[in-house]
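Enquirer: This is what each chain is made of:
There are 2 protein chains.
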Amino acid sequence: MTHPAAELPLGASEFTSESGAFTSEFDRDTAVIARTDDPFVFDTEFSAGWTIGKGVNGGYLIALADRALGRVLPHRDPFSVSAYYLTPSLPGPAVVRTEVVRTGRTMSTGQASLFQTDDDGNEVERLRVVAHHRDLAGLTDDVRTSATAPALPPVERCVGAETAPGGVFGSKASNGLIDRLDLRLDPATVGWALGDPSGKGVIRGWLRLADGRENDPLSVLLATDVLPPTAFDLGLNGWVPTLELTVHVRAIPSPGPLRVEISTRNLAGGFLEEDAEVWDSADRLVAQSRQLAKAPGRVR
Amino acid sequence: MTHPAAELPLGASEFTSESGAFTSEFDRDTAVIARTDDPFVFDTEFSAGWTIGKGVNGGYLIALADRALGRVLPHRDPFSVSAYYLTPSLPGPAVVRTEVVRTGRTMSTGQASLFQTDDDGNEVERLRVVAHHRDLAGLTDDVRTSATAPALPPVERCVGAETAPGGVFGSKASNGLIDRLDLRLDPATVGWALGDPSGKGVIRGWLRLADGRENDPLSVLLATDVLPPTAFDLGLNGWVPTLELTVHVRAIPSPGPLRVEISTRNLAGGFLEEDAEVWDSADRLVAQSRQLAKAPGRVR
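Chain order of the listed sequences is A and B. Position 101 of the first sequence, counted from 1, bears residue number 101 in full-length UniProt numbering, the numbering being contiguous throughout. Position 27 of the second sequence, counted from 1, bears residue number 27 in full-length UniProt numbering, the numbering being contiguous throughout.
I should point out that these hints are in silico values taken from the structure, not numbers from a laboratory. A couple of the hints might just be wrong.
Unchecked claim - Example chain B residues on the side facing chain A (calculated, C-beta under 8 Å, incomplete): (1) 128; (2) 140; (3) 250; (4) 252; (5) 254; (6) 292.
To be verified - If we take Cβ atoms under 10 Å as the criterion, some of the chain A residues that face chain B in the derived model are: (7) 51; (8) 102; (9) 130; (10) 144; (11) 246; (12) 284.
This one's a predicted model, so the numbers in the text were calculated from it and none came from an experiment. Backbone N, C-alpha and C fix where the C-beta goes; we use that ideal spot for every residue, glycine too.
For reference, chain A alone in the conformation it holds in the complex (with noise of 0.2 Å):
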């Protein structure tokens, strides 16, 4: 299969910037292709660009089945996405079947399960998604929130990938993420590198597209699970795989890098539960999400 961002004519507005020529990596990975015999099927491709080791990212997953129900749903904007990860996704293609819920006025509601074909050519579910659309941009500016930004050093004193100690984003070669983000750090999350985790279970960083496609609130959902794992911070060393993720998209992000804070709490009985606040440039509290995760075994 080709790559199905190579079927679009360049210029379409939803693969482009305001400028009309820049096609991002983050669009053209999401991309998603509707079957000319049943609009509410599309066909994708997992890009290995979005991979940890052999896995794809479940943020950029849950952001392409959002891209699908965006184009299904008269509302555009995700409001509250829940993802149930079912079996591990692959580089490759993928189909994406989608279901419109409810539509109502001010909201509306679908689902998306992402389809990989297996090596006997049977279907097998990859992702379940259930979310409500709406108009972000019609929500109110009253904001009385008790939740404060992270406190984060400078951009310039934070800890990109290329000035990173061995073992901050693992290696590069198993990594095609950290070659799409510029994510820098707070050096004071990632005594885990030099085997000194604090133990506290928080990580916090500067993100941006490393293309530098401003943010939009399919980008937001890729940003709440784009982090080093808190399990990390909590001396715990190999893969956490996500379980579940649900996201709150409460307001379209203003232009420039987001800063994102993960905590965990609640490490028992071998899972743990993720919490991932994003907040743009303008203070607003742009996303809250929780992930339960299966927490590593190995110590660190």
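Please arrange chain B on chain A, whose structure you already have, making use of the hints.
Expert: Just chain B now, kept in the frame of chain A:
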């Protein structure tokens, strides 16, 4: 339609306590009856006993939906349950349609939709649920949580429904739910009932089922959504309809009262998140939940 519980043989283990004789209100009112021609479809009735005003409580609904999932999945305990609320549920007959999404050795995934029939005879979907199930008794005892149980005064110094100042639990006539619960709120978190909300957005209390039924993973789902809404403590008054609720059940509760604390940090754009933590008598965090809800417009 007769109440489904009336058709159940007394002594069926699912609807009795360990003594084998007692049928709890919660088990009776969340009972689901599989159709003989399709074991994935269940008939039920939303009980007027679990209402607030005209609406049926969202925690009750998620528990009822998950009870049906426990019948069709190989793993009976809810582990992660996400509910998308679509239309207001009313007391009366309902149908639960379930789907087995995936079964694995240690975890299985299902989907359930609750439907009611409108005046024109059309089935209307009330709630869509996706859930991972597993055997919670099989989880390891490893606990490394940094979460701490809420500090509550002894039960006898908390505010019960019978001693509550007007407004804590609403009018009894309009609130069947209060008769089902033995809920005793921390006096420090009920100032709003006396016109003096703290503004912190936190409410906590002791919770048992009024008829003495001990808690299990199903009733823990209920427990995440039965306290008066945090919006009251933020100085707002009125309905706080839930749009989405995800619960992670992290352990089987020990016998005895639960402690439940709900909190809101981010009231913005007319919506708020409400997080619940449910602790058991053995000081284990047995559930974590988050819901997205519409904020009431009226100042209290």
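Enquirer: Taking the hints in turn, state whether each one holds.
Expert: Hints, one by one, checked against the model:
1. 128: holds, 6 Å
2. 140: At about 5 Å, which falls below the 8 Å cut-off, the nearest Cβ of chain A leaves the hint on residue 140/B intact, so it holds.
3. 250: Cβ of residue 250/B sits 6 Å from chain A, so the hint holds.
4. 252: violated, 10 Å
5. 254: violated, 14 Å
6. 292: holds, 5 Å
7. 51: This hint is violated: residue 51/A lies away from chain B, its Cβ roughly 22 Å from the closest one there, beyond 10 Å.
8. 102: holds, 5 Å
9. 130: With a closest approach of 5 Å, the residue 130/A hint holds.
10. 144: Interface hint status for residue 144/A: holds (5 Å vs cutoff 10 Å).
11. 246: holds, 5 Å
12. 284: Since chain B brings a Cβ to about 8 Å from residue 284/A, closer than 10 Å, the hint holds.
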